[in-house]
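A.B. asks: These protein sequences, in sequence, are chains A and B. The numbering of the first sequence is our numbering, which starts it at 1 and goes up by one. The numbering of the second sequence is our numbering, which starts it at 1 and goes up by one.
I should point out that these hints are in silico values taken from the structure, not numbers from a laboratory. Values in this document were obtained by computation on a predicted structure and should not be read as measured data. Among these hints, one or two may not hold up.
Think about it this way: if two alpha-carbon atoms lie no more than 16 Å apart in a straight line, the pair counts; the simulated EDC-like pairs of lysine to aspartate or glutamate are [said to hold, decoys possible]:
| no. | chain 1 | residue 1 | chain 2 | residue 2 |
| --- | --- | --- | --- | --- |
| 1 | B | 392 | B | 209 |
| 2 | A | 92 | B | 47 |
| 3 | B | 426 | B | 131 |
| 4 | B | 136 | B | 461 |
| 5 | B | 125 | B | 325 |
| 6 | A | 222 | B | 47 |
| 7 | A | 92 | B | 451 |
| 8 | B | 110 | B | 168 |
| 9 | B | 288 | B | 325 |
Label-pair restraints from in silico Cβ distances [what the hints assert, rightly or not]:
| no. | chain 1 | residue 1 | chain 2 | residue 2 | range |
| --- | --- | --- | --- | --- | --- |
| 10 | A | 130 | B | 251 | 24 to 34 Å |
| 11 | B | 232 | A | 266 | 47 to 57 Å |
| 12 | B | 259 | A | 133 | 25 to 35 Å |
| 13 | A | 38 | B | 446 | 25 to 35 Å |
| 14 | B | 232 | A | 88 | 28 to 38 Å |
Built from N, CA and C at the ideal position, the CB exists for glycine as well.
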Amino acid sequence: MSNSLLFNACTLVYFLAMVLYIAYVSFRTQRVGRLASWTLFAGFVIETAALGLRWYESYEMGIGRIPLTNLYESLVFFAWTVAIIYILLERKFRLRIMGAFVSPFPFIIMAYASLTSKEIRPLIPALQSNWLTYHVITCFIGYAAFAVSFGLSILYLMKVRSEQNPGRNPGGFWGFIPDSVTLDEVSYKTIAIGFPLLTIGIVTGAFWANVAWGSYWSWDPKETWSLIVWFIYAAYLHARITRGWMGKKAAVLSIVGFAATLFCYLGVNLILAGLHSYGSS
Amino acid sequence: MSVTEETGKKTKRSLTRTLWAFLSSLKLLVVLLLLLAALSIAGTIIEQGLPLQQYYRYYKPLTVEIFNRLGLFDMYHSWWFVSCLVLLAVNLIACTISRYKGILAGVKKKTLVLDEHFLRSLPFKETICYDLPPEKIRDAALGIVSRRFTGKHTETVTADGTRHLFFEKARYSRLSFFLTHLSILIIFLGGIIGSFFGYRGYVNLLEGDTLQRLQTRSGKIRALDFQVKCNAFDVEFYNTGEPKDYRSDLSVIKDGREVIRKTIRVNDPLTFEGITFFQSSYGALPEKATIEAINNDGSLRGTAIAFFGERTAVSGIPDAVEPADYQEHFVLPNGMDAGPALGVNIYPPEGRARGVWLLQNYPRYDRMRGGDYFFRVKNIVVREYTGLQVSKDPGEFLVWTGSIMLILGIMMAFFISHRQLWVSIKATAEGKSELTIAGKANRNRDTYKREIDAIIRLMKEIVR
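The following block holds chain B by itself, in its conformation from the complex (with noise of 0.2 Å):
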């Protein structure tokens, strides 16, 4: 092997080296955590998921342009936000890798025997001569910690007949670890796999309708593999005004039968095969209304009933009319609220069709419009709908996993700690003996040191 061939070699694991010290270091770990904090904020100035075209109402065409290419309009799937989640995730790995050896040892190693070398490692230590046989002290010893330290102890008789005592604690507690880091990498992939294999749309259904497909937020169309029915929508208000409670009674029909009803509310979904209907909003749209031609002199010239959307000839006048537009609570040019009011498209037999308001509670109101007849309506059926959120989305239960490991894992990770403790006794003389208490905690080592330092005040008390 020549000499460059083997440097070569050399300056190749180095650098590999080098690239793994840098993916599992803690350092990159705090950088990427900050850069992300910093960068997430440009997404709560700028409003994300506009049409393009509402953009240009707010900013330069410039400013759009360069926003647009940087991905800003939606930041947080742009491949700069995106990249750094993932490094996140190549650092969670890397250092769980890196750790996981280290973590297991600790959970596996266990010294039962306090002897001289040992005890020199350990941060709170004490030793305590007695004039009692060991016997006893060690019956002694055993009541006082035995009632803090709950669990089977080990007791280790060495050759020099030092009897050892061992207690611990918490020993899985190292192993919260596993749970924060990996469960931020299930929470991660639940949200890949609901934006991969899940959808969300949005449906308004009328009452007596039934819905078979729909459009979803990314613009395609899912037919579902059942059927849902609107049996009824309702809507309970306060007297302030504001919607109390809105409810509608859905079936699920599959294959022509009803597997399910449930009446859904805000917070109380429907889920069926995975996909969830939730209460999201409702309105009302005409369904038919009557319209009449009447004489300036009041007497009736016309009449028709016109179906929503169809345009409908009216008996003795030229014109066709045609509903296309509904409000519940017309405002009039000066605040008043002038109550329901039909928008009619008016077709005369040449020329442009004209759009008008008709005001249910004020016939009048068209005659303002000038001609030898007015139109006033009469009679508008509504239709309530139902506005149903649709969603399904498969990685939801990895997200919810990951959450409850990142919970248990951070409660355990701040406020329980592996702690040990070593209790060792050699006799001394004829009927003396001396006793040596040491401990270690992983965690929280103040509290353990005064948990340790109550127990030494105990052992001192023993006299007989």
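Isolated chain A (complex conformation) (with noise of 0.2 Å):
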């Protein structure tokens, strides 16, 4: 199937896309930085033209159906989906820095998902519906901006340690990281993104199984994960504002709120039992 081979392609791109990033960390040359950028760009329109070719070949095949169903597409779209909301952020905030810390993840994930079945199957009848598309894209835009923003807390922690050490190398890599505060706010915006988009996605995933399955909520472990996912951002959000809980300790929620989303994505489904169908195949 040409669809693979354009994901190979584009998995191949991501990896030098992050060894560009690291490079550019290590050397800091401004043109190691802009050859990065447009490098993880690159792997990003190669990867959203293989989506669509999957898209069409499924077409092709009799089936027809949006490449978001079993675990391959949804990790595919997760790769998809850290990148673009990592290059808008490195526009936006211009801190081509962060990509050594975010870029990994979008190779490391499609490398992960040519490891699953790549196979195009019929969609059975319960999956049938366009609240699929829905839910499906409003949880993954979630997902990665939980994943970007995962990556910019760690960030923070490092940093903050620096700023308390002040004497110890300046000048060096820490001084070429943008300031703490920065960071949060960046992380913070990342979750700002994410957090509603998560809610949606519940909300959406809720009428969906209403329509379905005739319950809006039935405590199995997918749903039962979301709401902890969504019970720790909401308690991020929260400690943001509260004296004492900034800073650090909000740092920790949204690594800890990361952690979880990765349980609710792939542990559910690989270690629990549920009605989430798509990480068993």
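Put the complex together from the two separate chains, hints included.
C.D. replies: Structure (structure tokens):
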């Protein structure tokens, strides 16, 4: 299938982008930085084409469905959303240095996806719904935003530590990283994108479940974990405006939040049983 | 009043105050959210709502006993989990009560005049001097700002002749607090109403049969005020053998008349008088079959047409037969699919009954049993049934209302802020004037600062 060829090419380009971002952090030459940004963008364009092609090929096969319905496709889409969110953030906040911490995600996700089944299979009746598209897209943009914010929160904690020991190695690597206030701000802004989308994802999921199964909430593991993620980020958002919970504690919550997100996405399907079948195939 | 009484009252009052401060605190909310997150994990690891005896298969008897006492097998309805949710609701109500005055005051308060004192409290400000009369500056400034603040502006002239222009955007975005926090309470209310006044049940309805009552999940029998008839059931498969689509043609009959007829499928249910019927599963049950007794030489000895679940005499032999089970795909010990099979109980005139499987496609299968005759089955007539999930949830409307409020509230809270802008212009000398510009936003201040900086830049370009 030609879509998998394109996906392989895209994985390779994401790998290159990651290497270039790391090279940029190490050598700090603007030319390498620009090249890294453009390479990541190229990977994103190739992946977009590959997703389109896969969609088209599913019609050729007489199945005809959006490529968002099994573990492979969801991983690929996840990598795609992480890439686009990062590209937009980099443009907006001019923080190319974050690339070294975020660009490994699209590559690792694509590499992991390549280990799962790539077959285009027809949809079972429960998944034949327009809600599939809204539910999956909103959830995954949310997940991707949390992934980016996770990278930033780790960077934030490390930066805070280096700011507390200013004598050590001035003008070195940490001097090159934006100050902790900015990191905290950008991390918050990313969660501010992710949280509404996760909320919409949960609500559309509940609505769909109600149409398909006759119950909007059944405490199945996937639902419960999405709620756990929601609780954690709701706590983060309130912690950020509470005295004594700002800064470090909020950053830790953002990291825990992404760990819960990962479990909600992969752990539930790989470890626990439930209604969301896509992870088991 | 004695001294002790006085202090007693004081402690009482300060105790209420401490309690109120605790219940309406942000910290309590953060802790509760994290606690709920941590507790919820348990229910995703321990499978919920199984019959108690099943748990003994997975856990030691003592563990089952302890888990059961703690309510861990139905933890989302256990007293401790529900208490956390109640405390969360109390916290949300307390937070709303303790903050609504301030928020409403923020919505109402409008400062129209940019005086010295007020200016000092504002975060972004700039003063520009011009060699132009104030009227000209006023018109030019109005032109620049009103392109960005499209709503109505207010103009006030103070006693000293200074003109004050006031612009603002999205004043009501301050109300997002109520949307987000009350929405959760509305969703809770919807959930409570649903669990008290709603029900859920599952029925298998044979083609041609009519549903009048059903058993709910809590075990009660509910009679419907109307009837639902399954006119036909149909299923389509992909080439791979997986189901592509299954649908039931249903009629709702009220007072003997058909009111609605609709074909329901997965993701497309039927609702009548608040009760919804969902396509959930399907299957087939045998209605009747021809059972024949065959001599070992292959000649026919006796025959019977047996209805499912009815003991029927077979001509020519003393035994009676009763079709009791059916499988569309009977799997042989070697894993082969042997096709349709009827499970039959055979009742000899004396002694115990025994069950055998008769395969429609392998008529000599029962011969392996031995004896001077064996059975075979022909013409198994099956009736397809549709599996329907039935639910009534009067709280649903509130849940969706709350959900929409929540989404709108969150979007408002993150992406819209109340932005205010003041411009004051006064004459400093003949033909000269001074303009002061200042702004304030309740959220996303850095974005707003950029917006104001752009305006200031344009203001500085006013020369003539």
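A.B. asks: Now tell me if each hint is right for this structure.
C.D. replies: Quick rundown of the hints versus the structure:
Note on residue 392 (chain B) and residue 209 (chain B): the hinted pairing is violated, with a Cα-Cα distance of about 22 Å set against a maximum of 16 Å. Pair hint residue 92 (chain A) plus residue 47 (chain B) does not hold up; C-alpha atoms about 46 Å apart against a cutoff of 16 Å. Restraint check: the Cα-Cα separation between residue 426 (chain B) and residue 131 (chain B) comes to about 12 Å, which is no more than 16 Å; the hinted pair holds. Taking the CA atoms of residue 136 (chain B) and residue 461 (chain B), the gap is about 13 Å. The hint holds against a cut of 16 Å.
Restraint check for residue 125 (chain B) and residue 325 (chain B): the C-alpha separation of about 85 Å exceeds 16 Å, so the hint is violated. Taken as a hint, the residue 222 (chain A) and residue 47 (chain B) pair is honoured in the structure, with Cα atoms around 13 Å apart against an allowance of 16 Å. A C-alpha spacing of about 15 Å is found between residue 92 (chain A) and residue 451 (chain B), which places the hinted pair at or below 16 Å, so the restraint holds. Taking the CA atoms of residue 110 (chain B) and residue 168 (chain B), the gap is near 10 Å; set against the 16 Å cutoff, the hint holds.
Distance restraint check for residue 288 (chain B) and residue 325 (chain B): the Cα-Cα separation of roughly 11 Å lies within the 16 Å cut-off, and the hinted pair is therefore satisfied. A hinted range of 24 to 34 Å for the beta carbons of residue 130 (chain A) and residue 251 (chain B) is consistent with their spacing of about 27 Å. Distance hint check: the CB atoms of residue 232 (chain B) and residue 266 (chain A) are about 42 Å apart, inconsistent with the given range 47 to 57 Å. The supplied range of 25 to 35 Å is met by residue 259 (chain B) and residue 133 (chain A), whose beta-carbon atoms lie about 34 Å from each other.
Between residue 38 (chain A) and residue 446 (chain B) the CB atoms are about 28 Å apart, so this pair conforms to the stated range of 25 to 35 Å. Checked against the hint of 28 to 38 Å, the pair residue 232 (chain B) and residue 88 (chain A) fails, with Cβ atoms roughly 52 Å apart.
Hints 1, 2, 5, 11 and 14 from the list above are not met by this structure, while the remaining hints are.
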